[in-house]
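Chemist: Chain by chain, the residues:
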Amino acid sequence: MRQDHLITATQLSRDDIEAVLDRAREVADDPAAYADRHAGRVLALCFFEPSTRTRMSFDSAAKRLGIDTVDMGDVDSSSVSKGESLSDTVRVIEGYADALVLRHPSEGAATLAAENVSVPVVNAGDGAGQHPSQTLLDLHTIRENHGLDDLTVGIMGDLKYGRTVHSLAAALTEFDVNQHFISPESLRIPRSVRFDLHETGAQIREHEELEPVLDELDVLYVTRIQKERFPDENEYHRVAGEYRIDAETLEAAADDLTVMHPLPRVDEIAPDVDETDHATYFEQAHNGIPVRMALLDTLLENAEADEGTEVDR
Amino acid sequence: MSDHELRVSKIRDGTVIDHVEGGQALNVLAILGIDGSEGHGVSVGMNVPSDRLGRKDIVKVEERELSQSEVDVLSLIAPEATINIVRDFEVVEKNRVTRPDSVTGVLSCPNRNCITNADEPVDTRFDVVADGVRCDYCSTILRADIAEHIDV
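First to last, the sequence lines map onto chains Z and R. For the first sequence, the numbering used here assigns the number 916 to the initial residue and increments by one for each residue that follows. For the second sequence, the numbering used here assigns the number 3 to the initial residue and increments by one for each residue that follows.
Worth flagging that the hints you see were computed from the coordinates, not collected in a lab. A portion of the hints provided could be inaccurate.
[Unchecked claim] From the derived model, a few chain Z residues whose C-beta atoms are all more than 10 Å from chain R:
#1 Asp945
#2 Ala950
#3 Glu1030
#4 Glu1143
#5 Leu1178
#6 Ala1194
[As the list claims (entries may be wrong)] Which chain Z residues face chain R? A few, computed with CB under 10 Å, are given here:
#7 Asp1003
#8 Pro1020
#9 Thr1026
#10 Ala1043
#11 Arg1106
#12 Ser1107
#13 Thr1213
#14 Glu1216
#15 Ala1218
The beta-carbon is built from N, C-alpha and C at its ideal position, and this holds for glycine as well.
So here's chain R without its partners, still in its complex pose (with noise of 0.2 Å):
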């Protein structure tokens, strides 16, 4: 038994977002709106070694499939990401996410001045470009620090 799975346990059925970047599993949950209040069963292993990432999280949610669509925005924050649905302790499924066209609803936008932080009823919505996102709003881009404007 290798050392990641001593400190997170197998799970019968439902899906494994692996390869997250360390420090990125509660983002993970927060752009996929898991708090546990559905009930599920939820395992978040935080900075376990990788021979590919050197430091990884991983997070494990029991009962439930993640569609492709819900877990491309993971892109964002975690490119190397790797998810694997589970069924009956065998992965049946594993996906790399990809970058999606946009993002809405997601992230806030940096800029004070733009109208989606003047208390609009509005989803922020952002086109992903080559190095970041843009908001389809007032245009200003955002880039390293995506991570740091999840809003969900």
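Chain Z on its own, in the form it takes in the complex (with noise of 0.2 Å):
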């Protein structure tokens, strides 16, 4: 992958993405190999929204390559809660990192971000925009148990605002893949995603209902419908519990449908379908190490390439 920054989904070949999928797979057969490999090096946190799972992967990944981490902590005790500017905020955190992980609420946040700093940015989540290394650990799972071309993924239930969804199905372009997306008629994919999945010629349908394609899927990846995505609780309200999947719903699925979720789930994904094999969301978020760590490497090898530096191995 020869990019400087990870921002969306869209930026992605398939080329980029075998190449830190490859190396992902490397990471988790051989860890030891890549454990200091970036020893010295310090990335920045920087999440001005809450997370726990995607700051905890990051800042795990990084240790596991050597990386020191420093966390801008919660926003409340920070400058920004003094007013101060994304753009300034960024400028003075580069001093201290030699990358920076951005979550963000505002859509564009990242592309802003990579504007204004020369070390490597990815984006940990833009507002309802983008969350492309999520991507990659839900591309990483889809191939260790399907491969990436002959498929029929079914992404299911907020899709208007699901960032995860945004990406997925951008970098599902790159590959051979039937994309059907379930959601009700409020929560479509937005416009602008139509417009990049028409642009790729890629084969899309639409339903409002998951059972008459159920039984086409390989990989069935469900996703929360998210109150805080909701100006109208309301809105909320109507179309919560829809869209919830278990077990006893996959029995009209076929044998080897692969379940995913991006995690947190509420009460899409019923306990019960734990216990079956479809279930594959805990070992989607699992791979978040080695693909944050393939993700991590990539990047500060390619800045380090820039600077003309060689990389010590």
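Dock chain to chain to rebuild the complex, using the hints, since each chain is given by itself in its own frame.
Modeler: Next up, the structure:
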């Protein structure tokens, strides 16, 4: 991957994706070979929005590469609460770290951050925009279970505000994948995402119910219908509880259906699914470590190459 | 003398922006950053009869020749506009507007949650796509309602 930053999944070619996933597999097979590879480097964790697992996942991945992390902490206790702009904040933090991981409630925040700094920026979620590192671990999980071609993938839930969905749908267009989008009418994929999908000539279909397509699917990617993304609580309550699956629902599915979820789940996947062979969401979450290690390794390697310095192996 | 020339007189030197869609003349001036403070003579004709458009607006700016890149951004709200450069009462150059690849600092993003609407020190930037423009930051696509988002 010859990229300086990871901002959106749309920037990634098939080769970019496969290079990171190949490296993730190497990392998973032989993590000791990657320990201390970037000793002395520092990664800044800049989370302007609450996050537990993404923050911990990057923190853990960094430390397994020998990278130290500095954490901005909660927004309430930082200079952001004093009204500092994001542009200024990242310019300051750039001086403390060799790369930034950014989560922010506004769409486009990572693009703006990348314009203001010269170290690599990883978008760890920008509002209802993109979450491309999640997509890389999603693709790794799909690849390990099915490969990435000749696939039929169903993506269900909150497709309008779900940034993991926006990134995943874009990345899947690089592969031979039929995509089915299953959501209530009010939560269909947004115009901007549909525009990109159509531009690539991707095979997509949209449905309001899972049942008619369930038996065609190799992968069912379920997302939480997120209360905090709704301007109107009534709209949330109206659709909440729909699009819930349990073990009985999945009796109609193919035996090797892989059920994924970016987590956290609330009640959209019943606990009894955990006991089935379909459940892959915990494996998926664990894949965050080798994939984010591979990603950080790649971006730091690219940055070092840009500086003209040799990486000490 | 034709009807619209009675309303808006000829200029000696400057630029005449003709065949602007009716009602868009003030937006044209806004996009070009012309508010009269520079001291140039500015004449505006609105909703004058036109064979081609039915009703059209005309903008005449004296003592100022607009460059192609300045006027290309007008293609977003006035795709039929013609740009006449006038010297000594004669039209010496007549151009159509062409669609630019991108537009910087002219439009505001309609997505309230876009980082460009968050008091950051940043100009908006839109890519021009097939039937509209697209925010470079949040990817929101703006189509028919472009004129409502002019922010200059």
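Chemist: Hint by hint, note whether the structure agrees.
Modeler: Verification of the hints:
1. Asp945: Holds, since 38 Å exceeds 10 Å.
2. Ala950: holds, 37 Å
3. Glu1030: For Z/Glu1030, whose nearest Cβ neighbour in chain R is about 8 Å away, the distance does not exceed 10 Å, so it is violated.
4. Glu1143: Holds, since 12 Å exceeds 10 Å.
5. Leu1178: Z/Leu1178 is indeed farther than 10 Å from all Cβ atoms of chain R, at 23 Å.
6. Ala1194: Non-interface label on Z/Ala1194 holds, nearest chain R Cβ at 33 Å vs cutoff 10 Å.
7. Asp1003: holds, 8 Å
8. Pro1020: holds, 7 Å
9. Thr1026: Status holds, d = 5 Å.
10. Ala1043: OK, holds: Z/Ala1043 within 10 Å of chain R, min 7 Å.
11. Arg1106: holds, 5 Å
12. Ser1107: Where the cut-off is 10 Å and the nearest Cβ of chain R is about 4 Å from Z/Ser1107, the hint holds.
13. Thr1213: violated, 24 Å
14. Glu1216: violated, 27 Å
15. Ala1218: Where the cut-off is 10 Å and the nearest Cβ of chain R is about 23 Å from Z/Ala1218, the hint is violated.
Of the hints listed earlier, those the structure fails to meet are numbers 3, 13, 14, 15, in rising order.
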